[in-house]
Each structure stands twice: as C-alpha cells, then as structure tokens.
Amino acid sequence: MKIRVGHLYPEYLNIYADRGNIAVLARRAEWRGHELDVEAISVGDTLHADAYDLLYVGGGQDREQALVAVDVAAKADALRAAVEDDVVVLAVCGGYQLLGRFYRDRQGHELPGADVLPLHTVAGERRMIGDVLLDCAWAGRTLAGFENHAGRTYLDAGAEPLGRVVDGFGNDGASGFEGCRRANAFGTYLHGPLLPRNPWFADELLARALAHRDGGERPALAPLADVLEAQAHEVSAARARSRGGRFF
Amino acid sequence: MIPLGLEIAAARAAAGLSRLTGRGGGTTVPGKLLWKLDPGAIDRLARRLPAGSALVSATNGKTTTAAMAAEILRPRFRLAHNDSGANLVSGVASALLASQGAELGLFEVDEGALTEVAARVRPRALLLGNLFRDQLDRYGELELVAERWRAAVEALPASSALVVNGDDPVVGDLARTRDATVFGVDDPRHARPSLQHAADSKYCVVCGTPYEYAAAYVGHLGDYRCPSCGHARPSLDVVARDLELGGLEQSSFTLATPDGDARVTLRVPGLYNVYNALGAASLARALGSTLDEIVAGLARFNAAFGRFERIDADGTRVLMLLIKNPAGANEAVRTLVDGGAPPVVLIALNDEIADGKDVSWVWDVDFEPLLERVERVVASGTRAAELALRCTYAGFPAERLEVVPQLERALDRGLELRAGAELAVLPTYTAMLALRRILATRGHVAQYWERAA
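Each protein sequence line maps, in turn, to chains A and B.
For the first sequence, our numbering begins at 29 and goes up steadily by one.
For the second sequence, our numbering begins at 34 and goes up steadily by one.
Bound-form chain B, shown alone (with noise of 0.2 Å):
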C-alpha cells in the first residue's frame, strides 16, 4: 500500500494542475485520484478528524442547510466542509485533502452516495432534510433512494445522532426504530390551500392510504395523518413557529427547542430556507452548539453561492436562484412571487448530467403564477425551446418571450432590459455554474473555488 502521505501529496498536486490547466476549480479532481488509489485512504483521513464528522443530506436544500450550519459551529470547531457543492464521494475526498489541522468534517452528501459515504466516513451526526422526485434520470425513483437511506440509517453507529426532518412522511419514518431529533414547521398561516401538483409522498407509508394534512408548507412537507391506520407527523423536538415571511431580503421565525426559544432572522427569504435553517439549528444543537450560537450563526449567514444570491453586475443586480426540480424551482417561484418578483425573469434550462438529462421536470413545476406576474421571459439554455413551450403552453404571449439558448447572449440581453435595477436568473446546476463563470470573467463575483480557500 502506498503509504497516506504520499497519496495525499499526489492527489493536492492534481487539484492545482486541475486549477492551472482551467478545467474547473480542482474540487473533486484530487479526491477523484485518491478514491483510485486507495478507496480506503478516505477512510483513514476521516478517522484522524478529533471532532468526527457530521453529514447532511437531501434532495433540496443540502448545500444551504450545510452551509448554515457551517456558520454555527464555525466558532467552535475548525471545519474540513465541501462547501462548493462537491458532494459525492470524490468530493468529501477531496474536502478531507483540502484541511489540514481541521477538528470536525462537515459534509453535504448527494443522496445516492450517502450509503457509501455513511458507511466510510461513520458520521458522529447525520442530518436527513427531505425526499422529492428529482432527476429520475440519475437516482431512479424516489423509493430507490428512501432505501437507501433506511440502509444508511440502520448502519449508522448507535452513538451517532440521527436528525430528521418529521414534516416529510418518508424521512420522518426513519426515526420510528431509534433516538432521533425530530424538527418541522409548525404555522398554520403558512400552509398551501392545497397539497401541491409536485407533492411525492402523498400516501400513508404503512398502508397506502392518502395523508389527511392539517397543514402543507412545501411539497409533502406539513402536518400529515393517515384517516385509516393512523400514523401520523412524529412529536417534533425543534420547530419554527411564528414565521415572517415576504419580502426578498430576509425571513424570522421563532425557534423552539428543548433548551428554550430564541427569534431567529435569517438574511435569505423564503419558507425553504426556514426549514434548512430548523436542519442546521438541530444538526449544530446535536454537535453541542448553544440556542446563543445557533441563533447567532444563522443571523451571520449570507446565501449559498447560486442559492438566492446576489450578485452586483455594474449596478445592475442579479438574484440567481438554482432551480433543479419541481418541489425547489416551485419554492423559488413562490419566494419570487410573494416577495415581489422583478419584472424580468432569465430561466435557463441546461440537460447535462449534472442537470438531469431529462428535462420533463420543468412541465411539473408550478410557473404559472411567476408568468402571470412578470413583464418579460428570456428562456435560455440547450433547452431553451423546451422551457419557452412550457410557458407558451400556459399561456404565456409569445411577444413577451425572448428564446436566447446561449447563455451569455442571454444574460446580456437580461441585463439590458433591467439595467440599474434587478434581474432574476432561475438557472438549472451547469447553466449556473456557466452564469457564474462569465460573472467572474468580469470581475463581479469571485469564482466558486476562490471562495472555499
């Protein structure tokens, strides 16, 4: 066997090479090669971590939920944290690589490699947020994943603390065959008239029958009983009540724990993100963090990078928010929606892998009420002609759509037609990360691997 030094010097030479030759930011290129070398040096890098690791997974919302709780436990613990999205096992290789003297890992794991991760990595937490449809194409169906998951959670050490998020039927149930922290919403005000069209696990997950909800915030997500065998939300450990919505700049709650209530005010708006901070609140509680430093951490917090961000592009400013299947894209239009949307919105559809190459999902988002509000839709992306008859289809004016499939062009375009004031840019992950690029190329925003030094 080579011995863990040398690997380690070879893979961190190969980020830089990575990073030299232009081919992308060197984030999973170095713990690509280690996981060739030595499937098992992730193992022994992880093991030398003196506050262990702690993992956060689920469909939606994983890297702003990590990235918040990265705030918290920031003055506690020196972070080894793939905060630029890298979440397969390369990548949780490459974070460990990158943090020499780092105390505690912090880790978003994409969902499909969370057994594999889990099982090498043996988290001292684990933080499951949510289960929705999202890129068939790449996880298979949504029960292949929930799967997983029970694997993962039966595998975990029975001194590693479970965090769940009881307000989705699936990921609650995970915490009926052991200890867990259990969070969910609990704000009647807030709840959809309705269970929405991209809501997944709708029916009871001991019989089949279909949830009664007292209240559905996001998705799935709310306050579920099935009328016939009874199983219902679990009794919540932490939740948000009273929030404040509305508005584009920020959201509050009060959070309630078993040590006592604190206001919370967070700078990103949007009820997704009240549940990604409850997430973040219960995995740093469970890692020792005060009510004073969760509290204190989330006010600190600022966007995830194309995670309702902003980026001033000389004076005109851009509010990109990442949209990757129905249950997110619907939250972000109903954030844009009920914070008062700007009149120009680019949406940009890409289908690489990354993005899911079926892009069926976009007639399973929600954009009626974003298309009945804004002025002017440019549709770009290799799929630009997809998404513009998704909006034409719902009767959108054809005069009023710009179809534009080359991403700068686009921006450009969207630039111009809200010079001086705001634009905002519903991206899928490669056309973000393009959008991104060209941003930095004129020196509006640092490049993603800059910002994780």
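One chain only, chain A, in its complex shape (with noise of 0.2 Å):
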C-alpha cells in the first residue's frame, strides 16, 4: 500500500535529523511491502487535510521557527480537521512546540500554534539538555532519545503524555510527563533521531497509517529482526540512566 506522507517545513524544520525518521519509515514500510510517498509541504503551501495518511513536523533552530510560526497558524484548521480524521502526526521539538495552543516568549509575548495538542509552552532560562528514557505504558514499551530545549511544556489537565520521565528533564523538568498524544497525533521533545533507536514505534506509526490509508483495522506488520535498533536503544537507554539530565 502507498502511505501518503505530508512533511512539513522540511527545508525550515530540519535540526535534529529529522530525515533519519523519515528514513526509518520509509526503509520498515518497503520492507513489509508497502511503499512511502513523501511530499515537503512548506510556507505558503495549501495544507489539505485529506491528501495525507501521516504528517511530520521536525525542530528547528529559534529563528527558522519564528519563520514559520506564521504560516502555522494559517494551516491550524486544516491541521485540526487532519487530527480529527484520525491522520497520524509526529511533531518533534520545535515542531511539537508549534502543535500546542501557544508558545510564550521570554518578553512575555505569545506566537500562537496550531492548538492541535492540548497544552502550551513558555520559554525558560535554562535549557534542558540530555539523554532521555521514557515508559509508555499505554504501549508497554520503552523509548530512548535526546532533548534539547528551553521551552517548558505543560499539558492541560487530563491530556496524556507520550510517557513517563524515568530518566532525563522531559515537558518541563518537574512534571514527570514527557510528550503528548491525542488520537493519532503525538508531539516529543525526543530526537536521536527517535526513531531508528525506538523501532516499535516507527512500526506503531506505520500501522496507525495503513489503517488510516484503507479505513481498515491496524494491521500487524511482519516483525523484523531489528538487532542494531535493539542494541542502539540499549546504548542511549544506559545514557539517559547514567547521565539524564535532572534539575534536582
């Protein structure tokens, strides 16, 4: 089957090597089959909301993201509708930062997002830098990555994170959440990049997409025998144990 990928600012939101999980997608899905039409969606372009089976959003350096700030705001109800038809998104770092309500500078003034995900973020003194391992037990299943940002995230009551900090800063150094989901769409301060390290969930996305593609149930792909991935998890899981950052 062709999943049909929207990938946003790609040539803006680029920092953390966020084409490596681009890769990683593309390599899982060939390998069981089916194959990943990717397309760069930029400023200024028209986001349809159902041309697409998955979106991605990278991080980018403060200047590219005030760039594009604007132009998120001008796709929020097209990004809206797509979450609500159950479109899979990954917004990593500044990505997932411009999918909340709001972002508040260290002035004070507030560049809204795309309000997609339920929480907003503030600028903060120190950046939180460092290996991360999360617990996601809605998945029962580990992930391992890096973050790096200033940004102190905070979800609205009741909204699910991505996991639980076991180790490393996560949202906002004392909450204890890191990430977000809401239906199809999750946002992380993870990169690594996240996926080649955490292949489960490249392959949950996948499924979540395929059964987006044909109205379908997820299917379950063929396992692979992901022998590196399990080592590179292991490595930068030990990392985040060893030297995670903490503010305490």
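Each hint should be verified, as a subset may be incorrect.
Computed footprint of chain A on chain B; a stretch qualifies when at least three of its residues, placed anywhere within it, have a C-beta under 8 Å from a C-beta of chain A [as the list claims (entries may be wrong)]:
no.	segment
1	115–127
2	382–394
3	423–435
Hint data in this document are derived by calculation from the structure and do not stem from the laboratory.
Cβ atoms here follow ideal geometry from the backbone N, Cα and C, with glycine treated the same way.
Assemble the dimeric complex from its two separately framed chains, guided by the hints.
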C-alpha cells in the first residue's frame, strides 16, 4: 500500500536529523511491501487535510521556527481537521511546540500555535539538554532519545503524555511527563533521531497510517530482527540512566 | 596577589605532573590551574608578547587554518601556538605558559570561548572562518554563537585587523560595520549543483528571504544574494580562483590579493582546505607576511594531527579524517569520493562531551556517496550501533557492515582488511585521540604533545 506522508517545512525544521525519522519510516514500510510517498509542504503551500495518512513536523532553531510560526497559524484549521480525521502526526521538538496552543517567549509575547495538541509552552532560562528514557505504559514499551530545549511544555489537565520520564527532564523538568498524544497525533522533545533506536514506535505509526489509508483495522506488521536497533536502544537508555538531565 | 612568576612555575610543574601520571599531554592542566589561581594572569601573559596575538575561530577548520598560518608566520616570528587543539581559555593560557621567548601569539579559539579569549588577549588580528551547526548540546543554536561573535567583533580594538570569510552570510556580515579583509572562493566549476542538506545560514540575515546562490561551494558557503532586499556576498579582497582539486594528495589554486596573484599548491586535498588556506593567507597578510612567504608557507604545510593525516602502520597507510559535524563530515566524504576512496572505511562515533553527547548529527551527514563506493564499512565507537543503523537505513547491505564498538579491535580489523594498502578512518574527536594513542603506543606516530614540542 502507498502511505501518503506530508513533511511540513523540511527546509526550515530539520535540525535534529529529522530526515533520519523519515528514512526509518520509508525503509520499514518498504521491508513490509509498502511504499512511502513523501511530499514536502512548505511556507505558503495549502495543506489539504484529506491528502495524507501521516504528517511529520521536525525541529528547528529559534530563527527558523519564528519564520514558520506565522504559516503554522494559517494551516491550523487544516491540521485540526487532519487530527480529527485520525491522520497520524509525529511532531518533534520545535514542531511539537508549534502544535500546541501557544509559545510564550522570554519577553512574554505569545506566539500562537496550531492548537492541535492540548498544551502550551513557556520559554525557560536553563536549557534542558541530555539523554532521556521514557516509560510508555500505554504501549508497554520504552522510548530512548535525546532532548535539547529551553521551552517548558505544560499539558492541559487530563491530557495524555507520550510517556513517563524514567531519566531525563521531559516536558518541563518537574512534572515527570514527556510528550503528548491525542488520537493519532504524537508530540515529543525526543530526537536522536527518535525512530531508528525505537523501532516499535516507528511500526506503531506505520500501522496507524496504513489503517488510515484503507479505513480498516491496524494491520499486524511482519516482525523484523532489529538487532542493531535493540543495541542502539540499549546504549541510549544506558546513557539516560547514567547521565540523563535533572534539575535536582 | 601571587606574583606572576610563581603562578607560572606552579602551572608549568602541573603540566609535567599531568604527563608523568599519564593523564594526557598536560596541554590544558597548567592553564586550568593558572585560570583558577588568577584569571587576570592570562591577560598579563598575553601583553608580554611583543608582536601581540592573532586569534582564529570557526566551526570547521580552525586547527588546520591556524597550523597553516603558523607555517607562514614562523620565519618572521617565534610563536606561542596552541597547536594541540586545546582551544578554550585554559588551552590558550597553557600555550602562553609553555612559550618562553615567544613574540607572537597564534591561537585557535573555540567558537563559544571567543568573546572571553578576545577580551583577555586583545588580539591585533582576528580571523573568523565559518559557522555551521555543531554539537548543539554544547554550543546551543548557531544564532547564539553568532550573537557572541558579533559581541566579540564590537569589542575588538579599532586598531585590530578583522579577517572574515565573505562566503558565509552570517560571518561575512560581521564586516558590514567596520574595515575588514574579506576572503572567498570564485570558481563556479567547483560549485555544488544545489545547497546541501547541511546548509544552515540559507535565509537572508537582513530580511529572512531564502538566498539565491550563483555558486554554493561548501554547505551554505558561496556566492549568495537575497532576491528580496539585495543583501549579498561582500566584495572579496583575497580570492581563490582556478582551483585544481581531485586526488587525495594535493590541491592548488590561484591566490589573488591586493598585492598580486600567485599559484598556491597544498599538500592536502579538498575544497575546504582551500578555504583554510585562504583564511591563513589573509591573516598572515594582515600580520605583515609577503605573498612569497605565504606561498612558501602553504607549500610547506603538512596536515594537522587527525585532519587528513597519513600514518604508516607497518606498511599499511592510515588516512585519518576527523569528523565532528555535518558540514565538516560532508567535506571529508566529498574529498574521499572525488579523490578515489579506499574500499574499506572505518567510521568511529563516540559520544563524550568533546564529541557531542547528541549523536543525531550523523543522520544529517551525506554519507551516501561514500557508501555507494566502498566495499566494506567497519562501524566503531561507543555509538557504533547507531552509526551502523545510519548505514543500514541508507540501504548499505548488512553483510558488508561490521560493527566493532571497541576501537583497537576495529582498527586491527581495518588494518587486516587493507594490509599493505590504505585504510580510511573517519573518527569523532575522542575516537581520533584514542586511535592516535593506540598508533603511538605501537610506535607509528608521535603523541600529540610530543609533536607540539
């Protein structure tokens, strides 16, 4: 099956190896006889909510993020419609912040977001940098990655995090939450990139995208050996345990 | 206050101790001690240099550029030079301590440490080479480093010479408000067909519109112009034209300066080394070197340690190319591919602080042209598995990929595969130091602090 992927702002938001995440989705789809059709959606382009099974938004430096923020607001309705329609969304780092309600900078100015995920972000003094390990009880799995953000992200009451922080800072360095998930939309600060060392999550996204494509149940994807993936996960998780960030 | 002489004696003793205890070359220990005892001592030591100091900073190429400048300047000055690559305040302090009787200080400086070092040393010349995304976990975003550089340039004494790479939009723009020597490349034959993935500063520094490039050479370095507000590459004072690249042995170009033109031949390959040579030539010129001295110095220059360095290991040649960020690694890959890469390559990815704890950058490197050409990859280092995944997801066949995290075993495997021929080694910083240490233990190469002597 052909999975239609919309990659938002790839020329602006690409700082933490976002193309690694796309490469992993593409290969793992291909290894199961599917195909990823990736289309770039940039500043000024119209986003057609019904044209994609999966949307990806990566991370950018502050300068690039500010350049796309206005455009994200213009695409907000289409992004909301896509999430309502169970399109799969993965937003990492800056992209995660842009999908929230707003981002308040150090001067107190509020930059509106797409309001797709139930959260907001406030700029903080100290950057939260380091290896992270998450426990995703909803999936019975762990996620390992690297975070580097000054923004503190606060989830609305009742909102679901992507995972509980085992080691590292997470959304705000205090709540013990990391990321957010709503319907098929996932936001996280974890890069590294995220998917090569967490193949179960890549497959979870692919299964949901395939279900969206044909309107049926999530298919069971043929298992892969994932030997290197498991090693990379273990090293990354061990780094988080030994040197993950914490304020206290 | 402790007398300066006593501080110096104590700090020098610490260097000897560091070497004796095997903790390293003592290249930063004495400086760290001095820095703790009395930070102002560095200012006073720098002021003792009769010909003053010159600083070199850049994301990529600062060690090589400073080494090239040293080769040009050596006939004219006795140098205090941190040629082991220790480039924080403590490294500069150590070099100052170690060079009795020096006339000119020549220091490569970490991008993040530039403001502080410049404020203390008060250089008579400052060379700023390029800014790329690099170890974001350490330096933060590129714009933060650019801000610091702007502050360093503003604080620079009016009498000091500023030398900038005009091909880098952010760096070239530092020359907008004051007199500067601007250098760059003019040879569209060697331009890239399009901007690379790792290009960073591709939006106009004035208005944010994407630049149009008449020629893009390395990452975002090139001949750019903003179609909206007209901000463009400044006019060049020192230019490289008619480049001859190709091969892994050398490169050459015509160096055009206000004092005349000359043909330069380098014993290192690659377009990025042409940029390094341009920077070194412009800096030396600002310090009084003649065109003849520049050409002769550049011709004498041999690779800085770990930067396209060739090491003979019992008849097998190790070609060591340090990689540390996407832009630099892309150029290492491009040079290897254009020059005819050996069929086996050892890539070593460590994740210590000096390498960057965040290894995501390897996914932003265009390894593909190299992977298409080599027969076998040995992946090593603390993050060998991650590196192997990078190759696998690029489509490199698993049966031609060997994952050997332990560096010495990986080196031996590479040497075995290439016995009597040449092995390309692409290590990150701490992996490079460790591999050199192994080769030194075997007597193939001098330790880096012995070289500095």
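Broken hints, by number: Hint 1 alone not satisfied by this model.
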